[in-house]
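Mind docking chain W on chain B? Use the hints.
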Amino acid sequence: MRSLRLTALVLLGLALPVGLRSHSGQVDPQRGCNLYQSGVRSVDENKFKDAIENFDYVVNSCPQPNIKAQALIQKGFVYLKMWPRQFGDARKVVDRVIKEFFGTPSGPEAYLLAGMIELEETRNFEGARDQFKKVGDIAPSTSAFAESLYLAAETRRLAHQPLEALKEFRDVTLRYPRMPLTAKALLGSAECYVRLGEIILAMEALQRVRREFPNTPEALQALRRNTILHRILMRGPAQSAQAGRVLGAGRFRDAVGLALDGIGNVVVGYRDGAAVLAPENGQQVLALGMGPAVVGASAVGLGPGGIVALARERFVSFANGAPDIVPGLPQKDGTSEMLEIQAFVTNWRGEWLIADGKTSAIHRFSADGTRHLGVFAANIKALRMITNGLDDIAVVNERTKGIDFYLPNGAPLGQIPRRGVGYEWEAPTDIAFDTFGNLYVLAGDKGSIHVFDSARTFRTTIQLPLKGPPQIRKAVALAIDGSGRIYVLDRDGQQVLAFQ
Amino acid sequence: MRTRQMFLWSAATILAAACVVASTAASGLARQQLNVAELLQTTLTDFRKTDNRAVENVCDRILASLAALPALDESQLRQALTAFELRSRARYAQRNFVGAREDFKAILVRSPAHVYGSLTVVETGSNVNPNSAGVFEEVRKETVGRLVLNIVPEGAEVRVDDVVVPPGQRAGGQPLARAGGSYKVSAQVAGHRRREEIVVVAAGAETIVTWTLERVTSVFEVMTSPPGVEVFVDGQRRGVTPPGPPPARYSGAPDVVALGREASGVLPIPDLPTRELRFEFKLDCYTPETRTRPVERAGDYYVTQVLRRASARLRVGGNGGLVYIDGELKGPVPYEQDLCPQPQPQVVEVRSARGRQVHRVMPVAGVPIDITADPKPAIAILNQAGLPETLRMDLRREVENALASAAGATFFAVADAEAQAAMKAEGLTAGWLSYDLDGKPVSTEARAMTASARLDLSRRLASRLEVQGIAEINVPDAQLDPRSLLLTYLAAGSNVPETLQIKLTDPASERRAAAVFRPGDPIARIAAGVHVADVAGVAGAVVLQQIWDLTGGVQLQTGDVIQTAAGRTVADGSAFEALVAGVKPGDPIPLQVRRADRVLPVQLTPQNFPNVVGFYDETLPVNKLLLDFRLALLDAVSPRDRAIAGLNLAVVLMRAGNWAEARIELEKLELEKVSLPDLKGGQGISRGTAQYYLGLCLDALERPADANRAFEAARDSPGALLTADGPLVRPLAEEKLKDPSRRQR
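So the protein sequences, as listed, match chains B and W.
Under the working numbering, the first residue of the first sequence carries the number 2, and numbering increases by one thereafter.
Under the working numbering, the first residue of the second sequence carries the number 31, and numbering increases by one thereafter.
Treat the hints as calculated values from the structure; they're not laboratory data.
Keep in mind the model is a prediction, meaning the values are calculated, not measured.
Glycine is no exception: its CB is placed at the ideal position from the N, C-alpha and C atoms.
Incorrect hints may appear among the rest.
As the list claims (entries may be wrong) - List of simulated lysine-lysine pairs, DSSO-like, C-alpha gap at most 30 Å: (1) B:LYS134 <-> B:LYS168; (2) B:LYS82 <-> B:LYS93; (3) W:LYS470 <-> B:LYS135; (4) W:LYS470 <-> W:LYS533; (5) W:LYS470 <-> B:LYS134; (6) W:LYS768 <-> W:LYS698; (7) B:LYS168 <-> W:LYS768; (8) B:LYS359 <-> B:LYS333; (9) W:LYS214 <-> W:LYS171; (10) B:LYS168 <-> B:LYS82; (11) B:LYS134 <-> W:LYS768; (12) B:LYS50 <-> B:LYS82; (13) W:LYS470 <-> B:LYS100; (14) B:LYS447 <-> B:LYS402; (15) W:LYS768 <-> B:LYS135.
Stated by the list, open to error - Some chain B residues close to chain W (C-beta under 10 Å, calculated; not the full set): (16) PHE146; (17) LYS168; (18) TYR177; (19) MET204; (20) ARG211; (21) ARG225; (22) ASN227; (23) THR228; (24) LEU230; (25) HIS231; (26) SER484.
Only chain B is shown next, with the shape it has when bound in the complex (with noise of 0.2 Å):
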């Protein structure tokens, strides 16, 4: 998206005096073309409906197609981002730019946007390959088509197919090595290597990010992969959790479960609502009350389009004061059986994964919550969920107290139980995925975390400090965030603690 924008920015900023030259009279309908960079600042602000406004503007008057087609291949993209997000609207855009704004530098961003919708919306993995590939046909010599290798690279690696994207990030490296792409190629080779187990690799690609793009946010998340395979992968089987530091001591009673929200800020469920603390020092940036505790919490998360929501036993609420959706299981006489959530992630489309107890299954419930879109998984008791960058499914099994992992479909893709070399366990408490998509399993009887990597190979384990200061009480919750920071939750404590 970055360079899309560059591109737009560009070619607004070569068309401007022309426009103005050529238009010198009391009206300017360069204003229209001007309209493109407020909506450009509109989507860096998350003002997503300001930032098609300002499109629509430019697209109805400006008289310059160039721009025009840029705004309209924006305001696509704003479209896969707002939640809900409007995949119609973002086709009708694909087919407009096509139609009447092929041969616009523009032209072949269509299929770009094309591509993405087939990922976002059904994870059409080689449909999107299909749209991408376009871009090379027409375009082959255009920043666009540089564009569209990255992201088939990138739809392999979604798909899991890790040897197949390190060929094409390669691909990318080659032909583009100084364009900031390659940067982000980087980052992906780096998680396929990790996936195949070649860390030093993996460590290598990362630091040519910090030699050859320094100062770009790709360095700095070259930077935290780095530490967090440093920290899981080179060092001894078993260590101690680095310099813990306490946010919000002494604040959250009857807390439920830890979660991170789209900035990173650590969300701390507890009875009575939610509270948003930030990393790195713990100030609470936002209390939020989550309807009138009748019943209290069970479970926190992050809803569709990353909205905090909180699990009551048979409802969910939401922080942003969304009504609360009441999922149910549709009966035979028309009636809806009420669920009783044990724990819930959603996924990739936005559709809630909700562990319920009376059942004992995992539900897939839609985006809205109200209908009920089939059976996950079933004969699971779940006592948390999470998922991974590759729309994975982690679920700690209250029966047989080890972890159970799904595929986005529900198949089963292998399991790692309570018991193993170089580990053991009574009952998990809680799980995580960090980047790379090592799962961290909270131990909070002995209060330890036992690391596993992506291919479920144990690989070291975390002691956390049961004798202070800081002192861990018991540990029931667990969070990870993108520099591979551990947030442990001590409900006895009333405090969440943050390790490096």
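The following block gives chain W in isolation, referenced to the frame of chain B:
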């Protein structure tokens, strides 16, 4: 038809007849001449025999022959005088005194100062009769008078009957002897009114002509230093001062003396009016001078002028190269010459195998022009397209100026005639190299040209113009902005046109374009042979793996942390890489390395490692790199540097579509056995890298079997990298060997 034929026949007949007549007349004249000479010999013999009658007869015939001539030349006059003299002597001997006197008179009319016997005494061997000599003098008195010419000024040219009188016979000289009669006397000299009169010379008397010519205009004698100066009077060119020295009469004149050793001779300028005169003096390479001289009355004057040199000293220093001025070879560097101011700039060039350096100079008198020879790969801007002729703009010079700061290349506008000749020789028209920034052709001419034709053309044109590359300017929208242009260029032997966008009214745009041609990157870079990483919370560089043994046998292990290097604390992996990049290859640096709970001292000796440009890099500035690596190859001293430069050049040639030349470069690496460093189990650019590229080349040249052999060799080089940053060549070679589309061929 018949009439016409008859006419032609008649004309031819007449012409032939005329030729015969003319030929007969000419041959008759020659025969007559011959006869006169023969007759003179005969009559001399007769005279010696004292056969006076025969003498008289023969002389009659001689004189009759000569009288038939329209005019006598000097020798014929002498023959006539000899004949008269012989006949007079023969007549006198026969006592025919009347006839002798007639002959005496005839002699004196023709030669008033004649000395009797002067033509015959020696020839006949007998003296004249003294009596006859006396009679001869009597006849002289009766026939000849003396004309005395006193003409002022002395230098005047005097003519008598249109014959110039020698200066010695004018005033103060010998009087002229002339047969009595009327003579046309004229005198003229610059600045004076010409005079002409009929003067009657009385026989036996002295006729004196005393004239003072009337002064009417002035005469200036001009002398300059140096000679060769063009002199203008009142805007009219009046001549050039001749070489010196000045005449002796000016030897005491201080201003003439002041002209010094380079003083010219005199340029006389006559007929100058009496008023203020404006003199201009011009000579190339000297400062022109103007002066005015008031002339109150007509007279003789002189004027002197010293011109000061107006040249600038051109000094071209440095090493190597030949100096050309305005396309003409002057000599090798170092070179010095005076340059004279000209209305147009002069083109001073230094040319060498490395390229060119072009300076357009406007010499200013006394201001030296110092140039340090540093030729860079030259790109000749051949022509421009897209500008209507009505605009009459030559943007090539402007682009040359705009790109003058390009550190890695010299862009210059080829001289018009040379450019036109080159275009004509290749049958090119404007637009042949007009491409947009995406490399798409934007003109019919460019679209019509195939890649291979473009490659050949780039090579031929570059060779013809003795440059390393060629370029064309294209103005996409002359109406909107004629100075917003695209410059497309090709290095010699490239078929990949690349384009710069330049807005000549925007210095920033010019700087951006020039920056593309920054000096070439080094072809090797220093490295520690160990890969490290940044890790938050770890003070030091975390070792990932050691790929070269540059630590004297101490193997660094994954997870080791380099805490200090060369006594300095190492913050992280990036800091360590930066530190290594700044040391001299081969200089050891001490490290402190933490491994678990121990600290190990390690000595690391960083080395230079070769680098190769990325063949697959879509953003590679192909033409610029071709220039860079050809230069690097030229500058390479060691076999290793040559090998690295050659490998890089080959890769860029492949990108330029020049597979054949690339293959030659790659095979040269093999043939010369110039080895890139042996890997010894490490990773880097190696022979395997070269083999992989050779495989690509051979594939492109449709030699799949040979290509396979090269790919197999690449596959068997486990540590070979495609570029210093990777990836490994081995999997790429394996992919090629397995590629079904290749195997089908």
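Pair hint outcome, LYS214 of chain W versus LYS171 of chain W [Cα-Cα no greater than 30 Å]
Within the cut-off at roughly 22 Å; holds.
Query - Closest C-beta approach of ARG225 of chain B to chain W relative to 10 Å, hint status - result: This interface hint holds because 7 Å falls under the 10 Å limit.
Q. Taking the least C-beta to C-beta distance, is PHE146 of chain B closer than 10 Å to chain W?
A. Because about 8 Å separates PHE146 of chain B from the closest Cβ in chain W, which is inside the 10 Å limit, the hint holds.
Between LYS447 of chain B and LYS402 of chain B, does the CA-CA distance stay at or below 30 Å? 15 Å, holds
| said: Under 10 Å is the threshold here; is the Cβ of HIS231 of chain B close enough to any Cβ of chain W for the hint to stand? | reply: 4 Å, holds
Margin query: Does LYS134 of chain B sit within 30 Å of LYS470 of chain W, going by the straight-line distance between their CA atoms?
Written below: Judged against 30 Å, a Cα distance of about 21 Å means the pair holds.
- request: Mind checking the alpha carbons of LYS82 of chain B and LYS93 of chain B for me, to see if they're no more than 30 Å apart?
  value: With Cα atoms ~16 Å apart, LYS82 of chain B and LYS93 of chain B stay inside 30 Å; holds.
Exercise for review: Quickly compare the C-alpha distance for LYS768 of chain W and LYS135 of chain B to 30 Å and report which way the hint goes.
Suggested key: 26 Å, holds
Against the 30 Å threshold, does the CA-CA distance of LYS50 of chain B and LYS82 of chain B hold or violate the hint?
11 Å, holds
Closer than 10 Å between Cβ atoms is the bar; does TYR177 of chain B clear it against chain W? Give me holds or violated. 6 Å, holds
Hey, does the LYS168 of chain B contact hint survive, CB to chain W under 10 Å? 8 Å, holds
Please work out if LYS168 of chain B and LYS82 of chain B have their alpha carbons no farther apart than 30 Å. 28 Å, holds
Going through the hint list in order, the structure satisfies each hint without exception.
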